[in-house]
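K.L.:
Each chain is listed here by its residues.
2 protein chains.
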Amino acid sequence: MTESELIERLRRLFPKIGDDAAVVGDQVITTDMLIEDVDFTRAVPMESVARKSLTSNLSDLAAMGARPSFAVVALGAPKWLDIIAFMSAMAEAAQKYSIEIVGGDLSRAEKLVVSIAAIGIAKRPLRRSGAKAGDRVYVSRPLGASSAGLQLLQSGWPRDLPYTQREFAESVIRRHIDPEPEVTLGIPLASIDAVNACIDISDGLSTDLHHLCDASGVGAEIERERLPVFPDLTAIGPAMGIDVRRAVLHGGEEYALLFTSSMRESELSERVGRPVYAIGKIVVERGVRIDGEQLPAGGFDHFA
Amino acid sequence: MTESELIERLRRLFPKIGDDAAVVGDQVITTDMLIEDVDFTRAVPMESVARKSLTSNLSDLAAMGARPSFAVVALGAPKWLDIIAFMSAMAEAAQKYSIEIVGGDLSRAEKLVVSIAAIGIAKRPLRRSGAKAGDRVYVSRPLGASSAGLQLLQSGWPRDLPYTQREFAESVIRRHIDPEPEVTLGIPLASIDAVNACIDISDGLSTDLHHLCDASGVGAEIERERLPVFPDLTAIGPAMGIDVRRAVLHGGEEYALLFTSSMRESELSERVGRPVYAIGKIVVERGVRIDGEQLPAGGFDHFA
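Chains as they are written, first to last, in numbering that gives the first Met the number 0: chain A, 0 to 303; chain B, 0 to 303.
Bound-form chain A, shown alone (with noise of 0.2 Å):
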């Protein structure tokens, strides 16, 4: 079984399980749990799984448009855990995003465990399901860091490289490791009607841009030539064996909001006061493509 068919068949058990967040009247409540070697290795510092997992839930009331309210954090925490640390950590990104942690519960674990639930407010949620065909599809900034950066932790990259590449290489890995959640974008895009459908890009654009799709019934169809790429990922990451495609089409964990609108790419970036990047279209026919071509969901899948 899949993911998409487990989570078909739990939806049926939770009708109201299908965004990023949940909708409870003017409340969307989110949750996220990170796992140590599923999500995170000790090879990141604990610090940055800290902030993580409050950005990842940020991330998800970001995309419904919610102003963050308060949070609270269960933490499974390994005998050689600072737990001082780690929520000192998680405490000064709360304070940034402007969320309150009001309550928490606190085990040990033999592997550490953090699991967050995020509440915050929205009058107008912006959901999966609103795109409509003829809706231009956007992103809100360049893609393929948080991919990029996991590839160099995972293969251990040199320390001895030339400046340009180690500067590069530091820069995506920063990305993967305190990506920042597009918390003061989600609100004014809930506030402007034109604005249709949104959620984040935790799973690689590929798949979530098929989830935004299914959820509205619709397809998109997108153009290879538009998609922005993160600075230098296409000068410098081949050479340090990095697939810029696959990076940017089905790299995870950006955070980036995709969102879908009828507005024009100026006159939207006029609005929110920064660029965003119409990628493609809405269409009537389902499934996604890209310059024509079928472009499966190739992101992550926990349960693939």
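Hints in this document: simulated from the structure, not taken from any laboratory.
It is possible that part of the hints are untrue.
[What the hints assert, rightly or not] Example chain A residues on the side facing chain B (calculated, C-beta under 10 Å, incomplete):
{"hint": "1", "residue": "Val27"}
{"hint": "2", "residue": "Leu33"}
{"hint": "3", "residue": "Asp36"}
{"hint": "4", "residue": "Phe69"}
{"hint": "5", "residue": "Lys110"}
{"hint": "6", "residue": "Ile118"}
[Stated by the list, open to error] Below, a list of computed lysine to aspartate or glutamate pairs in the EDC-like style, where the Cα atoms sit at most 20 Å apart:
{"hint": "7", "chain 1": "A", "residue 1": "Lys78", "chain 2": "B", "residue 2": "Glu4"}
{"hint": "8", "chain 1": "A", "residue 1": "Lys15", "chain 2": "B", "residue 2": "Glu222"}
{"hint": "9", "chain 1": "A", "residue 1": "Lys122", "chain 2": "B", "residue 2": "Asp290"}
{"hint": "10", "chain 1": "A", "residue 1": "Lys110", "chain 2": "B", "residue 2": "Glu91"}
{"hint": "11", "chain 1": "B", "residue 1": "Lys110", "chain 2": "A", "residue 2": "Glu179"}
{"hint": "12", "chain 1": "A", "residue 1": "Lys110", "chain 2": "B", "residue 2": "Glu99"}
{"hint": "13", "chain 1": "A", "residue 1": "Lys78", "chain 2": "B", "residue 2": "Asp36"}
{"hint": "14", "chain 1": "A", "residue 1": "Lys110", "chain 2": "B", "residue 2": "Glu109"}
{"hint": "15", "chain 1": "B", "residue 1": "Lys15", "chain 2": "A", "residue 2": "Glu99"}
{"hint": "16", "chain 1": "A", "residue 1": "Lys15", "chain 2": "B", "residue 2": "Glu2"}
{"hint": "17", "chain 1": "B", "residue 1": "Lys110", "chain 2": "A", "residue 2": "Asp290"}
{"hint": "18", "chain 1": "B", "residue 1": "Lys122", "chain 2": "A", "residue 2": "Asp36"}
{"hint": "19", "chain 1": "B", "residue 1": "Lys78", "chain 2": "A", "residue 2": "Glu109"}
{"hint": "20", "chain 1": "A", "residue 1": "Lys280", "chain 2": "A", "residue 2": "Glu266"}
{"hint": "21", "chain 1": "B", "residue 1": "Lys110", "chain 2": "A", "residue 2": "Glu109"}
{"hint": "22", "chain 1": "A", "residue 1": "Lys78", "chain 2": "B", "residue 2": "Glu2"}
{"hint": "23", "chain 1": "B", "residue 1": "Lys78", "chain 2": "A", "residue 2": "Glu2"}
{"hint": "24", "chain 1": "A", "residue 1": "Lys78", "chain 2": "B", "residue 2": "Asp25"}
Bear in mind the structure is a predicted one, so any value in this text is a computation, not a measurement.
Glycine residues also receive a C-beta, built at the ideal position from the N, C-alpha and C atoms.
Starting from the known structure of chain A, arrange chain B on it as the hints suggest.
P.N.:
Okay, now just chain B, sitting in the frame of chain A:
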């Protein structure tokens, strides 16, 4: 560092943490994580683990006098787990206690981890910190079964017991693996102005009474002979190797409520429509005493 010391340091980082659940407006929110081989083993039916993961959260809501509203579930699922059966059991428990599971997160994991955040509504939340000298100390039901059940599970009790012993064993094991949260008691208690403080017995009577007294800046004196003991535990338990005093005073995961009120036992029982048990009184002098002797916190401490 003990759990108490650690929590004290965490409290400085997160000042709102303290009660069984956090209070935000008229909402209360709690989270609990259960981890395989820490909180349960595979000897227990997984459907019970599913129910208990929800029950422990519902018990926290009950301790705050909150009406269950909604919950999110993060599940780290090992390959051997029947996820649909697990979540079906949880869905059934959710329906029983009128809480709606609105969202979740699913990952692969080596060991089963389930983390739930639950939200309830309370106009006047009950807190640990409200106990006043002169209050009576109450427990909501007879104690000792959960701990006795755990002990029998761990010792692998013989199946060829005489009928009464087998029936006793099965009943205490059931109380351990499928505890009932006091959802229908917490709500009426919160509506009674003369109920001043409440906590659920998750770490054991002694430990949780210390928690309540410490939060309230008071002490407690309880009487051994007033403690309600689970039926047949005194008569049958010792022959099966159960330390009854230990099970009653220090046994965790009871999910009974421990609360204080200026009202008399008969009066309070009548108000809530069921028996509640006065076991002693709140006094000015700090610490917890039983029949005049110090009663140290002897329950479960993850970090001892």
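K.L.:
Each hint: holds or not?
P.N.:
Hint-by-hint comparison with the structure:
no.	hint	in the structure
1	Val27	holds (9 Å)
2	Leu33	holds (8 Å)
3	Asp36	holds (7 Å)
4	Phe69	holds (5 Å)
5	Lys110	holds (7 Å)
6	Ile118	holds (7 Å)
7	A:Lys78 x B:Glu4	holds (15 Å)
8	A:Lys15 x B:Glu222	violated (49 Å)
9	A:Lys122 x B:Asp290	violated (57 Å)
10	A:Lys110 x B:Glu91	violated (30 Å)
11	B:Lys110 x A:Glu179	violated (30 Å)
12	A:Lys110 x B:Glu99	violated (30 Å)
13	A:Lys78 x B:Asp36	holds (15 Å)
14	A:Lys110 x B:Glu109	holds (9 Å)
15	B:Lys15 x A:Glu99	holds (9 Å)
16	A:Lys15 x B:Glu2	violated (37 Å)
17	B:Lys110 x A:Asp290	violated (43 Å)
18	B:Lys122 x A:Asp36	violated (43 Å)
19	B:Lys78 x A:Glu109	holds (18 Å)
20	A:Lys280 x A:Glu266	holds (16 Å)
21	B:Lys110 x A:Glu109	holds (9 Å)
22	A:Lys78 x B:Glu2	holds (13 Å)
23	B:Lys78 x A:Glu2	holds (13 Å)
24	A:Lys78 x B:Asp25	violated (37 Å)
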